[in-house]
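This is what each chain is made of:
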Amino acid sequence: AQTVTQSQPEMSVQEAETVTLSCTYDTSESDYYLFWYKQPPSRQMILVIRQEAYKQQNATENRFSVNFQKAAKSFSLKISDSQLGDAAMYFCAYRRGNDMRFGAGTRLTVKP
Amino acid sequence: NAGVTQTPKFQVLKTGQSMTLQCAQDMNHEYMSWYRQDPGMGLRLIHYSVGAGITDQGEVPNGYNVSRSTTEDFPLRLLSAAPSQTSVYFCASSPTSGYNEQFFGPGTRLTVL
Chain C
15 AQTVTQSQPE MSVQEAETVT LSCTYDTSES DYYLFWYKQP PSRQMILVIR QEAYKQQNAT
75 ENRFSVNFQK AAKSFSLKIS DSQLGDAAMY FCAYRRGNDM RFGAGTRLTV KP
Chain S
6 NAGVTQTPKF QVLKTGQSMT LQCAQDMNHE YMSWYRQDPG MGLRLIHYSV GAGITDQGEV
66 PNGYNVSRST TEDFPLRLLS AAPSQTSVYF CASSPTSGYN EQFFGPGTRL TVL
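If you read the sequences in order, they're chains C and S.
Each residue of the first sequence is one higher than the one before, starting from 15 at the first, in my numbering.
Each residue of the second sequence is one higher than the one before, starting from 6 at the first, in my numbering.
Check before you lean on any hint, since a few could be wrong.
[To be verified] Not everything, but these chain S residues come out facing chain C in the computed CB check (under 10 Å): (1) D31; (2) G45; (3) M46; (4) G47; (5) L50; (6) Y53; (7) V55; (8) D61; (9) G63; (10) V93; (11) S99; (12) G103; (13) N105; (14) E106.
For the record, the hints were derived by calculation from the structure and aren't laboratory data.
Cβ coordinates follow ideal geometry from the N, Cα and C atoms, glycine included.
Could you put together the complete structure from these sequences and hints?
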């Protein structure tokens with residue numbers, strides 16, 4: 015079974031600084047999607063960014079970018095110019111077909 | 006569009022009671038799913054459906070039943086609640102199974118005493 019590992023239960027960053035959240039996954043498949051979801055205290059799951067495994071180019075969405083290393087099965091999220099509103103739980107997720115697996119999450123604190 | 010809606014937002018049950026968590030989406034999505042979120046474990050897939058009349062088990066299906074009689078609705082039933090089912094439950098949908106992002110409902114916090 016595919017597994018997703020987030021090795022950092024908690025991270026903190028100073029406002030306006032950059033932080034990187036780590037994620038590794040295990041799969042024998044070559045075609046899949048990877049996602050980062052944000053969960054603020056409201057509990058709502060919000061998509062931050064997605065990456066198609068067949069694309070070599072790393073996805074970017076404004077201040078959010080990923081470093082996708084397919085051979086290493088690594089999918090890290092970089093948040094630039096961190097803002098107070100970025101404080102939340104962040105979940106890395108893998109999806110292929112009907113199966114979707116999530117990591118345990120990283121709690122990000124942003125210090126003013 | 007309301008997106009994915011879930012009711013109730015909060016529920017307290019006693020051990021052995023039954024209840025149904027409701028989920029509906031108005032985006033005409035084929036794929037719908039249920040997850041539970043427990044501290045330190047992320048979200049885990051309970052059941053999913055790829056269309057009306059078609060359901061299948063996910064990673065943690067025991068103790069839960071589902072059915073899908075319409076495209077819009079995908080209720081989750083607990084026939085005899087147990088304290089181990091205390092969790093936050095999320096419903097999600099996507100246009101198809103495969104590789105699309107999933108859209109999540111706001112979640113239901115369930116406590117079983």
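Each hint, compared with the structure:
no. : hint : in the structure
1   : D31  : violated, 17 Å
2   : G45  : holds, 6 Å
3   : M46  : holds, 6 Å
4   : G47  : holds, 4 Å
5   : L50  : holds, 6 Å
6   : Y53  : holds, 6 Å
7   : V55  : holds, 7 Å
8   : D61  : holds, 7 Å
9   : G63  : holds, 8 Å
10  : V93  : holds, 7 Å
11  : S99  : holds, 9 Å
12  : G103 : holds, 6 Å
13  : N105 : holds, 8 Å
14  : E106 : holds, 5 Å
Violated hints amount to a single one, hint 1; each of the other numbered hints is respected by the structure.
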